[in-house]
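Each chain is listed here by its residues.
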Amino acid sequence: MVTPSSKKFLFLTIALALTTAGAIILSTGMGYISISAGEILKVIFSSISNSSSHLNGIDNSIPYVIMDVRLPRILTATLVGAGLAMSGVIYQGILLNPLADPYTLGISSGAAFGASLALLANLTLFNQFSIPLFAFVGAIVTLFVVIHLSTFNGQISANTLILSGVIVGAILSAGISFLKYLADEQVAIIIFWLMGSFISSTWDGVVIIGVAVLIGAIVTLYYGRDLNIMSLGSRSSDALGVETARVRIILLLTASFVTAICVAMTGIIGFIGLIVPHLMRFFVGPDNRKLLPVSAMAGGILLLFADTITRAILPVEVPIGVLTALIGGPFFCVIFRKRQRGGRHE
Amino acid sequence: MNNHPLYDIADISFGYDATPVLQDLSFTLESGKFYGIVGPNGCGKTTLLDLLIGNRIPLSGSVSFKGKIVSSYHRRTLAQQISLVPQEFDTGFGYTVEEIVLMGRHPYISRFASPSAEDWQRVDQAMKTIGIDDLKNRYTNELSGGQKQRTVVARALAQNTDVLIFDEATSSLDVKYSLEIFNVARRLVLDKGRTVIAVIHNLNLAAAYCDKLLFMKDGKIACYGPTAEVMTPETIAGVFDISSKVSHDPYSRTLQVNFRYWD
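The listed protein sequences derive, respectively, from chains A and B. In this text, residue positions in the first sequence follow our numbering: the first is 2, and each later residue adds one. In this text, residue positions in the second sequence follow our numbering: the first is 5, and each later residue adds one.
Watch out, some of these pointers could steer you wrong.
[As the list claims (entries may be wrong)] With beta-carbon atoms standing in for the labels, derived distance ranges:
id, chain 1, residue 1, chain 2, residue 2, range
1, B, W124, A, A18, 28 to 34 angstroms
2, A, T152, B, S175, 25 to 31 angstroms
3, A, A122, B, K72, 50 to 56 angstroms
4, B, E146, A, I192, 46 to 52 angstroms
5, A, L11, B, V179, 43 to 49 angstroms
Read the hints as simulated data drawn from the structure, not as lab findings. Note that the coordinates shown come from a computational prediction; the quantities given were computed from them, not determined experimentally. All C-beta atoms in this analysis are idealised placements derived from N, C-alpha and C, irrespective of residue type, glycine included.
In isolation and in its complexed conformation, chain A is listed as follows:
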């Protein structure tokens, strides 16, 4: 059945996909050395096909700048934006609260605490995986503590979940401060990482985040219709044949996994997970099967845009977490006020 709304969704999906591709190529060209789109495509094509015949007439340093410096960072920014927006869609769908995101549940703080611990102990136990691993453990432990705090008689209350998340998040923030205090001379590493940065992005990181985002998207789309029905409340969704408790846990674990990987790779980047799903819901409505892909792409574009501003346009590189908070914070306030006044949702 082709309804007007599904036509609109198709159009938006194609537009966003083209914009994502365009933004990646455009931003690759921007920076200290500016590179034309044609040259970028040639370099990418030649490295995929593993032949250098297309590189005639292109400066020797350009393939290096594109493939080793810019693309890993640009793809990391895009994927992290997609991952954070996706987690936001899941948390908002489960908590029935358009203001929910990885922070409301304390998940980001949990991941940050785990990663800070790894940074402080200077762990190289699992090579490049030690920080993501600690972040993931931190996120999952936080998730279980928060869920445990908000479970009564075997049922999770969505409202208590947010409250528990805020409380646990506050405790963890104090914990991170204590770690910074202990870090003494290494404190700069933790602080800079916490503010969020894409500077040290690598192809390994791109692969890790890419896999995490892909897994997250598949799991969420698999349970997409269940998640829609869960917005009616667990009593109704149970009666409509949804294994509400199980789906909720699976999706919370998935979202926390994606969040943890994003936080571990780049530090705390706020507001993407909150604002993007909210904006996209305005265009495609509340159906999570449409909201998820659209939000993931829009989140990727937005974070890439923010990162390109700090990397190529601003004279000094501002930490990305600071930038997204400065852009996103006021935006969030406007939405919040509108909601309070209007009482209407979308």
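Position chain B against the provided structure of chain A, taking the given hints into account.
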């Protein structure tokens, strides 16, 4: 298989932490009847419904549905046989009326599949029966309480189940829509042999529509039997602690309860 009653409830007890809500309830329900559950606020009616649907599991005793323990069914299988019309529902995000009613088809649509022609037809039919087809493209968070409630009833009809459970489903509806919905339910029982289990606050509606009534008080069964036998001033006095007169009313052609409202 057919020897099993629809529901066989044996010695169930339930409580939240240390507070007992239901104590040692035992009764059976048969197919093709309209059951009313009546009792004061907080006597455990909604909890009892939750146990019947399998949303909660009794602390002791067992709830069998068609000969099998309710909690041993897959949710999906159960949802093809039992539907629930709750008292209120959340829609944090705005779905249209049609989308909400289509959710009633969820247990029949496999993952990644689109709704079939039959699904759409049942959705349309359900909206027509309840008289909300003109609202189908409206967002539920813009609707009045009564319109929302009728949307949920339509969803339960689209679910097309043997058993329909109403949890004070008409308490927010005006008299016209209350009667309309009870009439639809009554027709399903009479014409199609469906079973309706309804928590009803209005004793006159209960007397008019139900074949059998289950009076509850303080988590226990106060009285259970055919409406004509159990709807008596004695039962009402025992359960609600008020005096009343129960008589056959020629205009409504059913038992009706009258109260002495004030002196």
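Taking the hints in turn, this is what the structure says about them:
1. B:W124 / A:A18: 28 to 34 angstroms: Holds - the Cβ-Cβ distance for W124 (chain B) and A18 (chain A), about 30 angstroms, lies within 28 to 34 angstroms.
2. A:T152 / B:S175: 25 to 31 angstroms: holds, 30 angstroms
3. A:A122 / B:K72: 50 to 56 angstroms: holds, 54 angstroms
4. B:E146 / A:I192: 46 to 52 angstroms: holds, 47 angstroms
5. A:L11 / B:V179: 43 to 49 angstroms: Holds - the Cβ-Cβ distance for L11 (chain A) and V179 (chain B), about 46 angstroms, lies within 43 to 49 angstroms.
Consistency with the previously given hints is maintained throughout, with no hint failing.
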